[in-house]
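Working from the sequences, and respecting the hints, build out all of it.
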Amino acid sequence: MSKEIELQVVAPVDPKNPTHYVDNKKFYQALVEYREAVDKALVEGKERPIVPNYIGECFLKIERGIAMKHNFRNYSYINDMISSGVEVCLKHVMSFNPEKSQNPFSYFTQAIWFAFLNIIEKENRQVALRRRSFLNMDIDAFDLQLHDETGEFAISIADFINSLG
-5 MSKEIELQVV APVDPKNPTH YVDNKKFYQA LVEYREAVDK ALVEGKERPI VPNYIGECFL
55 KIERGIAMKH NFRNYSYIND MISSGVEVCL KHVMSFNPEK SQNPFSYFTQ AIWFAFLNII
115 EKENRQVALR RRSFLNMDID AFDLQLHDET GEFAISIADF INSLG
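Residue numbering for the sequence shown follows our numbering, beginning at -5 and increasing consecutively.
No lab work stands behind these hints, which were simulated from the structure alone.
The reader is advised that the hints may include incorrect statements.
Under the rule of at most 25 Å between Cα atoms (straight-line distance), these lysine to aspartate or glutamate pairs were calculated in the DMTMM-like manner [claimed, not checked]: (1) LYS20 to ASP33; (2) LYS85 to GLU38; (3) LYS40 to GLU81; (4) LYS85 to ASP17; (5) LYS85 to GLU51.
It should be emphasised that the depicted structure is a prediction, and the values quoted were computed from it without experimental measurement.
In structure tokens:
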């Protein structure tokens, strides 16, 4: 006897809870307004204004979405990846040209994606460097001994590692 299982299909974007959703039109408009404010400040000889909170929130939402993809989900340094993505977005916020494209979501998604890949590559180089330095380490230089409570049994670290093969 088989029971019928009823499956519910959930929409990928919940309109009642848009906390993870970036509205591309609002994002585009905010970037256009920010560019205008920067251009105006440069003409007047003032400092470049800081990036509005809405644009920063959009960057973080995009980054969190990418960080949860299966490609990046289980890395222990995911927070470093997200920080690098924020840095890249803030560096290139003025590189987005509204006259060429009206899709800032895809522009910054690509920038974040490559920032994540760069961090993974950098971390892999660091792991390889640590591994090489450990394998090339002169074990005999260590004069450490392992003892039990009575002090009768003693084996050097070098003998222990050599016994492992």
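Here is how each hint holds up against the structure:
1. Restraint check: the Cα-Cα separation between LYS20 and ASP33 comes to about 20 Å, which is no more than 25 Å; the hinted pair holds.
2. Restraint check for LYS85 and GLU38: satisfied, since their Cα atoms lie roughly 22 Å apart, inside the 25 Å limit.
3. A C-alpha spacing of about 23 Å is found between LYS40 and GLU81, which places the hinted pair at or below 25 Å, so the restraint holds.
4. Using a Cα cut-off of 25 Å, the hinted pair LYS85 and ASP17 holds, with the two alpha carbons roughly 22 Å apart.
5. Our distance criterion of 25 Å between C-alpha atoms is met by LYS85 and GLU51, whose separation comes to about 16 Å.
Violated hints: none; the structure is consistent with every hint.
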